[in-house]
Amino acid sequence: NAGVTQTPKFRILKIGQSMTLQCTQDMNHNYMYWYRQDPGMGLKLIYYSVGAGITDKGEVPNGYNVSRSTTEDFPLRLELAAPSQTSVYFCASLKGSGTEAFFGQGTRLTVV
Amino acid sequence: EDQVTQSPEALRLQEGESSSLNCSYTVSGLRGLFWYRQDPGKGPEFLFTLYSAGEEKEKERLKATLTKKESFLHITAPKPEDSATYLCAVRPVPYNTDKLIFGTGTRLQVFP
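Protein chains in written order, with my numbering: chain G, 108 to 219; chain F, 40 to 151.
In case anyone wonders, no lab produced these hints; they're calculated from the structure.
Wrong hints could be hidden among the right ones.
Unchecked claim - Simulated coverage check for chain G against chain F, where a stretch passes if three residues somewhere in it have a Cβ under 8 Å from a Cβ of chain F:
1) 138 to 149
2) 152 to 165
3) 207 to 214
Claimed, not checked - Only pairs whose alpha carbons sit at most 30 Å apart, straight line, appear in this in silico DSS-like list of lysine-lysine:
4) G:LYS121 to F:LYS107
5) G:LYS116 to F:LYS107
6) F:LYS98 to G:LYS164
7) G:LYS202 to G:LYS151
8) G:LYS151 to F:LYS138
9) G:LYS116 to F:LYS138
10) F:LYS107 to G:LYS151
11) F:LYS102 to G:LYS164
To be verified - In silico contact screen, one side only, chain F against chain G (beta carbon under 8 Å); selected entries:
12) PHE73
13) ARG76
14) PRO79
15) LYS81
16) GLY82
17) PRO83
18) PHE85
19) LYS98
20) LEU139
21) GLY142
22) THR143
23) GLY144
24) GLN148
25) PHE150
Beta carbons: idealized from backbone N, C-alpha and C, even for Gly.
Please construct the entire structure, taking both the sequences and the accompanying hints into account.
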């Protein structure tokens, strides 16, 4: 199993550009999450999904969108990138209630 | 409001010098406390899950304990390869979303 795979690993965007961060998992996990990690701030939840076709907002959803058309994939869309979205983004998944979360290696995004 | 606080923010230890990291939490109900290790440029890696006060888990030089208000990660005779950021996260009730609330982490450096 590859686990949770994120692409790209690094990206530089100009202000106002859009992009999609890809996340796929091959563990048949129902629950998937997107977090952002800023220096000294811990991980903040952006969006999450408890199954295909179901998504909901986390703590910091503004400026982002998600979709969950399959169990495996959970892409994160940034529309009109802003410098405040410069961060490291992590995708995570877990099988079911009470189990541990598995994280991808992260996408480091810089908006200039 | 659900909250997780970790201390200290940073810790420097000599190889072999044992110490403890603290994670205090305020949640309406706890459905699990998780410890993760994060190396620079990598995603968090799962270490332990604790579910009830009095529970303990061990792995090599690490031992995690849980009370009703806090958790400790004890590091016995650390080695330089234990250097990393250690993250604590809680899963509060209700459990249907399985959201994790993270602390800001403790950055551990172990010197030979």
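How the hints compare with the structure:
With 6 residues bearing a CB less than 8 Å from a CB of chain F, the region 138 to 149 of chain G meets the requirement of three and the coverage assertion stands. Coverage of a stretch by a chain is defined here by at least three residues with a beta carbon nearer than 8 Å to that chain's beta carbons; for the region 152 to 165 of chain G and chain F the count is 5, and the condition holds. For the region 207 to 214 of chain G, the proposed coverage by chain F is satisfied: 7 residues have a C-beta within less than 8 Å of a C-beta in that chain, meeting the threshold of three. Between G:LYS121 and F:LYS107 the alpha-carbon distance is near 47 Å, which puts this suggested pair outside the 30 Å criterion.
For a cut-off of 30 Å, the pair hint linking G:LYS116 to F:LYS107 is broken: about 39 Å separates their Cα positions. At most 30 Å may separate the alpha-carbon atoms for a hinted pair to count; F:LYS98 and G:LYS164 exceed this at roughly 35 Å. A hinted pair counts as satisfied when its Cα atoms are at most 30 Å apart, and G:LYS202 with G:LYS151 qualifies at roughly 20 Å. Proximity of G:LYS151 to F:LYS138 is assessed by CA-CA distance (about 10 Å); at most 30 Å being required, the pair is judged to hold.
Using a Cα cut-off of 30 Å, the hinted pair G:LYS116 and F:LYS138 holds, with the two alpha carbons roughly 24 Å apart. Under the criterion of a C-alpha separation no larger than 30 Å, the hint pairing F:LYS107 with G:LYS151 is consistent with the structure, at around 24 Å. Simply put, F:LYS102 and G:LYS164 have alpha-carbon atoms about 34 Å apart, too far for the 30 Å limit, and the pair is violated. At its closest, the beta carbon of F:PHE73 sits 6 Å from a beta carbon of chain G; the interface hint therefore holds under the 8 Å criterion.
Given hint, F:ARG76 at the interface with chain G, is violated; its Cβ is 11 Å from that chain's nearest Cβ, farther than 8 Å. At a threshold of 8 Å, the smallest CB-CB gap from F:PRO79 to chain G is about 11 Å, leaving the interface hint violated. About 6 Å separates the beta-carbon of F:LYS81 from the nearest beta-carbon of chain G, less than 8 Å, and the hint is met. The interface hint given for F:GLY82 is met, as the beta carbon of that residue sits about 4 Å from the closest beta carbon of chain G, less than 8 Å.
For F:PRO83, the suggested interface contact is upheld, since its CB lies about 5 Å from the closest CB of chain G, less than 8 Å. Because the smallest distance between the Cβ of F:PHE85 and any Cβ of chain G comes to about 5 Å, under 8 Å, the interface hint for this residue holds. About 13 Å separates the beta-carbon of F:LYS98 from the nearest beta-carbon of chain G, more than 8 Å, and the hint is not met. With a cut of 8 Å, the hint placing F:LEU139 at the interface with chain G holds, because the nearest CB-to-CB distance is about 6 Å.
Given hint, F:GLY142 at the interface with chain G, holds; its Cβ is 6 Å from that chain's nearest Cβ, closer than 8 Å. Interface hint at F:THR143: satisfied, since its Cβ lies 4 Å from the closest Cβ of chain G, which is below the 8 Å cut-off. The beta carbon of F:GLY144 comes within 6 Å of a beta carbon in chain G, closer than 8 Å, and the hint placing it at the interface holds. Among the interface hints, the one on F:GLN148 is violated; its C-beta lies about 16 Å from the nearest C-beta in chain G, farther than the 8 Å criterion.
Evaluation of the F:PHE150 hint against chain G yields a violated restraint, the C-beta minimum of about 22 Å exceeding 8 Å.
Hints 4, 5, 6, 11, 13, 14, 19, 24 and 25 from the earlier list are contradicted by this structure; the remaining hints agree with it.
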